[in-house]
Structures are given as structure tokens and as C-alpha cells.
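Student: The listed protein sequences derive, respectively, from chains A and B.
Mapping the first sequence onto the UniProt record's numbering, position 127 (from 1) lands on 127, and the numbers just tick up by one.
Mapping the second sequence onto the UniProt record's numbering, position 104 (from 1) lands on 104, and the numbers just tick up by one.
Among the clues, some could well be false.
As the list claims (entries may be wrong) - Partial list, computed: chain A residues near chain B (C-beta under 8 Å):
{"id": "1", "residue": "20"}
{"id": "2", "residue": "21"}
{"id": "3", "residue": "28"}
{"id": "4", "residue": "30"}
{"id": "5", "residue": "31"}
{"id": "6", "residue": "33"}
{"id": "7", "residue": "35"}
{"id": "8", "residue": "49"}
{"id": "9", "residue": "51"}
{"id": "10", "residue": "52"}
{"id": "11", "residue": "55"}
{"id": "12", "residue": "56"}
{"id": "13", "residue": "57"}
{"id": "14", "residue": "128"}
Stated by the list, open to error - Quick list of in silico lysine-lysine cross-link-like pairs, DSSO-like style, CA-CA up to 30 Å:
{"id": "15", "chain 1": "B", "residue 1": "221", "chain 2": "A", "residue 2": "37"}
{"id": "16", "chain 1": "B", "residue 1": "170", "chain 2": "A", "residue 2": "37"}
{"id": "17", "chain 1": "B", "residue 1": "221", "chain 2": "B", "residue 2": "245"}
{"id": "18", "chain 1": "B", "residue 1": "124", "chain 2": "A", "residue 2": "41"}
Hint data in this document are derived by calculation from the structure and do not stem from the laboratory.
Ideal placement from N, C-alpha and C gives every residue a C-beta, glycine not left out.
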Amino acid sequence: MSADTTATGSTAAISPVESVSVFDVDHPAPLIEPPRKRTAKTPKATRGNFEMAAWLFMRLSGVVLVVLVIGHLLIQLVLDGGVARIGFAFVAGRWASPWWQTWDLLMLWLAMLHGGNGMRTIINDYAERANTRLWLKGLLYTATVFTILLGTLVIFTFDPNIR
Amino acid sequence: MATPLLDKVEDEAAASPYITVTLRIRRFNPEISDEARWEDFSIEIDPKERVLDALHKIKWDVDGSLTFRRSCAHGICGSDAMRINGKNRLACKTLIKDITSFDRKTGATKPITVEAIKGLTVLKDLVVDMEPFFQAYRDVMPFLVTTGNEPTRERLQSAEDRERFDDTTKCILCAACTSSCPVFWNDGQYFGPAAIVNAHRFIFDSRDEAGEQRLEILNDKDGVWRCRTTFNCTDACPRGIEVTKAIQEVKRALITRRF
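Full structure from sequences and hints, please.
Tutor: Written as C-alpha cells, this is what we have:
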């Protein structure tokens, strides 16, 4: 080892940020706790398979959605004239067939639940305060349920002779 | 092989192996300030030495107030995990030459940043409060659980059965993996990779009988399902444990157990 060592920083261990420090041995600065530390007050873990079911659902629905969504996009936007032919009549014609009703219904439910669950994990990962999490998730669940119900209602009660 | 020539030996002795490196260390002392700050130390060091040697040199010769943990200093005890150049490593296993890069214009060495591992409370300089980490470790019951009478001889196990969990026996509990996990950074309630690795070590041990219980613990909302498979833990592990793979194996065990 070389004995030749020099410090380029200040010589004091840590100089006070501004003039005289308000902290000393008897009054140390508050330490920054990591977010959502596990403490004695943390509620006991809930035993159940919900997280596993959600994890599995994400994988399975993802595989199904690849087929459903790519098929949907091809039909709507690319094949047979593409986006130009889409109109009320086109939709009415498609929804006359139970096959496309089922396709769209499945796509609606899977996409909303898949996306909703993804958003739920993101909120769980990033929202640090319990209240923020509660509100964000409340908003998310409301929006998800509303969209699913509205979409389902439209698919089942669609009337081509509405005019 | 060849007989060393005298003049060559002299040449080598004349050329100094030492280089000047700057260690940029994140200092924090709650008795002086509530803010952490970076401090630069320029030292001359043999590039074949380790970051821990550089820290020793600073602590012993330059600034005795520099605080860090180390015990065995040879990559076994797992005390000196720290964030070196933005990556979690053991200071005692990281050679200066492997992390030193030279500035293309001036030819000087670029500073090496050293800071405490993330996601745990910094107590002073590079020392963090490891209690939440060990709490998660204790939660997965890292000990052999059996029923029935104790055998008079060893509990025998085939070589294949031993091989099944060999990778996860290497853990030294340095917290490099857990403190490299972005989920753990944001939520200290997540068990973290290290606890799951140590659960894996017993779950897949043929002699152990509490695998079901450990799987149940890791099945909860702060268990394995929070893993986002970012592979930070596998990259960080100084023992080369395939941490993410171990977590995936626990997930698979949970699913195959249910269905």
C-alpha cells in the first residue's frame, strides 16, 4: 500500500450545511426511514390465493389477448378495405353474428381486467401513502367496472334499427 | 520459464504500479447534518487492490470518521455490500482495476462512487439498518423443520436431492440483491429476494418438512408475486446465485401445488 494519501475534500468529516449545525451527539438528525417499513403496527399478512390468481390471470389473459387484439386490429383496420369501410352499418352487421358478439365481449372483459390488474400492481408498487393508494385504486376500480358494464350492456342490447 | 534478466527486473521495479484514483463517497452523519453529501478522496493505490483496501486507506490514513462495515474482508461474511459506481457489490471482492475508467481527453481516472445500499435506513456513511432485511429473513423460517424422532445418525440425502437447492445455499446475507430490487425500494414490506432465496433453500430440501408452510408465507401479497422479474438481484449477487430463477421456482412450486 502506498502511504501517499491526500484528501481533496474538506478536512472535517462532514462540515455543517449552513454555518452552525443544529445537530449534535445528543440531538441527531432524524433518519430517513425507507417507504412502508414493516413495523409492529403493520397488519398481519392475509392468507389467500388472490395474488397468485391475479398473477396467473395476467399471463393467461395476455396470451388470449394477443390473438383477440391482433385479429381485431387486422379486421378493423387492414383487411378488405381497412378503416375506410367502418361505419354504423359495418358494426351493426358484425354484431348480428353471435361469433363477433362473443369475440368483442371476451376482448372487452379480458382487456379491462388485464389492464386494471396491471394498473393495480403499478399503484401498489409506486403509491407510497396508504391514502393515495386507496383513492387511486378506488378510482381505478370504479372506471374499470363502469367500462365493463357499459360495454357489456351495449353488446347485448345493441339495436341496429335505432334510427 | 526464461531466466529473468537483471535490467528487466529493474525496469519493472522502476515503473510504479500505483495509480491515483478518486473515491467519491456519500457521507452522512446525523450528529452533524440531516443531509448526506458527496466527498472526494484522492488516493494512490495499486489497481490490483480492492475497493475495501481503498476505504481502509482513507479510514486509517486520511479520515478516521469514515464509517463502513466489514468483517472478514474476503467475501464470506457479507458485511460490506455497498453501491459502487451505481451497482451493488461487495467492496472486498471488487478490484480497483475492474471499475476504473480513464477520461479520454485528460487520461485521468474517473471518480469511483461509493454509497450505502438503497432501500434501508442509512445510519452513518455506508452503514445501514439491516433489521428490516433480517426480519424478512426470519419470517421465512430459515431453519430445518422436521417431525418425529431425531435420527441417531445424520439425515441422509442423495447427491441429486442436494443438487436441487445447491445454488441457494451460497447466500451470505449481504443484502446486495434485496437492496437492488426496485420493488423493495418503494415498499419495504416486500420480502425481498434474499428472504425468498433462503426460503427456497429449505423448500427444495428433501429433508425439510415445512416447505408447505414457507410457500404459504411467500404466497401472501408481499411475497413472491410482487417480483417483477427485473433481474437486478441476479446481477447484484456477489456469489453468482441465480436469484430470479430461484424466485420463479418458488412461484412455479406454488402454482403446481394448487393445480
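Student: Hint by hint, say whether it matches the structure.
Tutor: Hint-by-hint comparison with the structure:
no.	hint	result
1	20	violated (11 Å)
2	21	holds (5 Å)
3	28	holds (4 Å)
4	30	holds (7 Å)
5	31	holds (5 Å)
6	33	holds (6 Å)
7	35	holds (6 Å)
8	49	holds (7 Å)
9	51	holds (4 Å)
10	52	holds (6 Å)
11	55	holds (5 Å)
12	56	holds (7 Å)
13	57	violated (11 Å)
14	128	holds (7 Å)
15	B:221 / A:37	holds (15 Å)
16	B:170 / A:37	holds (27 Å)
17	B:221 / B:245	holds (20 Å)
18	B:124 / A:41	holds (26 Å)
Figure legend: structure checked against the earlier numbered hints; hints not met, in rising order: 1 and 13.
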